[in-house]
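Engineer: Protein chains in written order, with our numbering: chain A, 578 to 905; chain B, 578 to 905.
Just so you know, these hints were derived from the structure itself, not from any lab.
Values in this document were obtained by computation on a predicted structure and should not be read as measured data.
Careful, some of the hints might be misleading.
Same chains, same names: a pair is fine if it fits in one copy or spans any two.
Heads up, simulated DSSO-like pairs for lysine-lysine below, C-alpha to C-alpha not over 27 Å straight-line [as the list claims (entries may be wrong)]: (1) K813 with K768; (2) K757 with K688; (3) K873 with K637; (4) K866 with K768; (5) K641 with K739; (6) K597 with K866; (7) K787 with K641; (8) K867 with K617; (9) K787 with K651; (10) K637 with K739; (11) K787 with K772.
Letter by letter, the chains look like this.
Protein chains: 2
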Amino acid sequence: MANNTEKNAMQRLNDLILQKNSRICAGLDPTWEMIPKTLKNKFFHDEPEEERTIGEEDRKEIYKEQIFRAYCKKYIQAVKDVVPAIKINSAFFEAEALEELYWDIAYEAQKAGLFVIGDVKRADIGSTSQAYAQAFLTEDSPFDAITINPYFGTDGVMPFMKMAKENGKGVFVLVKTSNKSSCELQDLELKDGRKVYEAVADLVIDWTTKVEECDDYDFMEDYSMVGAVVGATHPKQLDDLTGRMYHNFALVPGYGAQGATADDVVVAFDFKNLGGIINSSRGIMQAYKKDCWKDKYSEETWAEAAKAEAIRATEEINQALDKYYGLL
Amino acid sequence: MANNTEKNAMQRLNDLILQKNSRICAGLDPTWEMIPKTLKNKFFHDEPEEERTIGEEDRKEIYKEQIFRAYCKKYIQAVKDVVPAIKINSAFFEAEALEELYWDIAYEAQKAGLFVIGDVKRADIGSTSQAYAQAFLTEDSPFDAITINPYFGTDGVMPFMKMAKENGKGVFVLVKTSNKSSCELQDLELKDGRKVYEAVADLVIDWTTKVEECDDYDFMEDYSMVGAVVGATHPKQLDDLTGRMYHNFALVPGYGAQGATADDVVVAFDFKNLGGIINSSRGIMQAYKKDCWKDKYSEETWAEAAKAEAIRATEEINQALDKYYGLL
Chain A
578 MANNTEKNAM QRLNDLILQK NSRICAGLDP TWEMIPKTLK NKFFHDEPEE ERTIGEEDRK
638 EIYKEQIFRA YCKKYIQAVK DVVPAIKINS AFFEAEALEE LYWDIAYEAQ KAGLFVIGDV
698 KRADIGSTSQ AYAQAFLTED SPFDAITINP YFGTDGVMPF MKMAKENGKG VFVLVKTSNK
758 SSCELQDLEL KDGRKVYEAV ADLVIDWTTK VEECDDYDFM EDYSMVGAVV GATHPKQLDD
818 LTGRMYHNFA LVPGYGAQGA TADDVVVAFD FKNLGGIINS SRGIMQAYKK DCWKDKYSEE
878 TWAEAAKAEA IRATEEINQA LDKYYGLL
Chain B
578 MANNTEKNAM QRLNDLILQK NSRICAGLDP TWEMIPKTLK NKFFHDEPEE ERTIGEEDRK
638 EIYKEQIFRA YCKKYIQAVK DVVPAIKINS AFFEAEALEE LYWDIAYEAQ KAGLFVIGDV
698 KRADIGSTSQ AYAQAFLTED SPFDAITINP YFGTDGVMPF MKMAKENGKG VFVLVKTSNK
758 SSCELQDLEL KDGRKVYEAV ADLVIDWTTK VEECDDYDFM EDYSMVGAVV GATHPKQLDD
818 LTGRMYHNFA LVPGYGAQGA TADDVVVAFD FKNLGGIINS SRGIMQAYKK DCWKDKYSEE
878 TWAEAAKAEA IRATEEINQA LDKYYGLL
């Protein structure tokens, strides 16, 4: 059990960021379609296509667990030395009925020394959130933190926060998401002048002081174990929100494949260049297809390309930060 | 594949309601603590307590899969003839790492002729919601409908709606939840005078016309396969919202253990007494502990008590509707 003198999850994440000098979180969102054929074929016994007697669909059913496992393990090995964190999305495992593999891969990432984010976006009424917390945030869980949804308010999030606090884990509350239609609900203007996402940020601040048992958010020291998800695709909002929630670590999706640039995301960090982590999933997983890598790498060397891209993204963010804060 | 001449999921649910003359959905939220000791003891080989050589925790690990399975199957058998639908919450299975059992139990409920609601409250950005939809809403899924969260806006919900539509399934979008703190975000007042939950209701209406490919919500016939979750613990809001979303079937939690009465929920139904279903989870599962049943039933006969309570709740709602609409 984590005691009060130990560092909390987000402080550990800041340490890992300094240690690896990387602010990139490698996202792992595996789908059957994007797993390279060369890897699949290894499990299909390298038979030439014309000699195969069963179709792709049947082969998938027979081998998919092994193939997803091999893919994910190779991905972890590719990125583990160059990034501090990995974000593993439960949806892609549930889509293939590979829930058990989701856990195996999380343990694998933990063993590899990565900060492991369970991107599960769970939330429900209190008694049910308690059950989800029990699933993901017990002391022996491989996850260092999970993402949660704020729609239910305090009783939907507090069971996660309390159990995380108790067990040295963290949570990232969705505040402003990176997708295009996030504006439809999150950007609605309230009577008091705030946007809905700003009201959620204020709730996050309120929840933070409550669970940290700190009278005043302004007087807190360092980062809370409560973090926030703030999309990079809305740079102005990212700036406002990370300025507002200065004790809440920012998990920032939307960089790379979703369109945000390194210059867009520098505002997610504090003056020590900490307190934020930039996620890239498809950008790293499918790096071998990118214009800048496709001459050097192929399907066969997808994992080397992933590592190269993780390093490139790391440097790109660090350089943008250097330009912005001049402190690196 | 469902074609346009077939009834959609919500129309099938209305048929089941008429067939069983019940508007109760039996919720299934199993926890280790609330599974009766008498049932657990059967798997503990009926040894007298003093002869047991291993502790409760170890026994739990050995037998829990069998015990949860037996409990859930017995629950389904108890309620299957008296209610049209069952709502199975994924959280309680994930809490015990029984994800596979979640599916087995859903198939079991489907075989028993129940309308099966997967209470999973999933949502993410578009490509990820697509993966969750793939998990729960394919043609051969045992679920007739699932619950989803609106926080991401259109691209977070549309993949669910489109796949559901294609495969004869349904979705229930969280609009106003039954928990106490739902007001913190959902009841915030917008600049245009609406509450956040009303804005979500308007989005649901918009999504409905889009996915149903119908020019005007007012001109739609019957119920859409898009439904809404509207808590019973806020009767005035329930009335407003079901009046507003008159083509969206209402899944209504909050009756019974959470405090709402039969008179509170009658407003969820249309003038034919259809278009809504009232969930009761703990009220039915733990009926044998209720004042009105505890003299007649015991831990040993918990399933009979569950059936009796499902019948009692059904009659209570029907009588309240009779009083309200006078049409039964």
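Engineer: Run every hint past the structure and note whether it holds.
Structural biologist: Status of each hint after checking the structure:
no., hint, verdict
1, K813 with K768, "both (21 Å within a copy, 21 Å between copies)"
2, K757 with K688, "neither (36 Å within a copy, 40 Å between copies)"
3, K873 with K637, "neither (29 Å within a copy, 54 Å between copies)"
4, K866 with K768, "neither (47 Å within a copy, 46 Å between copies)"
5, K641 with K739, "between (37 Å within a copy, 26 Å between copies)"
6, K597 with K866, "within (26 Å within a copy, 56 Å between copies)"
7, K787 with K641, "neither (45 Å within a copy, 35 Å between copies)"
8, K867 with K617, "within (21 Å within a copy, 56 Å between copies)"
9, K787 with K651, "neither (41 Å within a copy, 42 Å between copies)"
10, K637 with K739, "between (41 Å within a copy, 25 Å between copies)"
11, K787 with K772, "both (23 Å within a copy, 26 Å between copies)"
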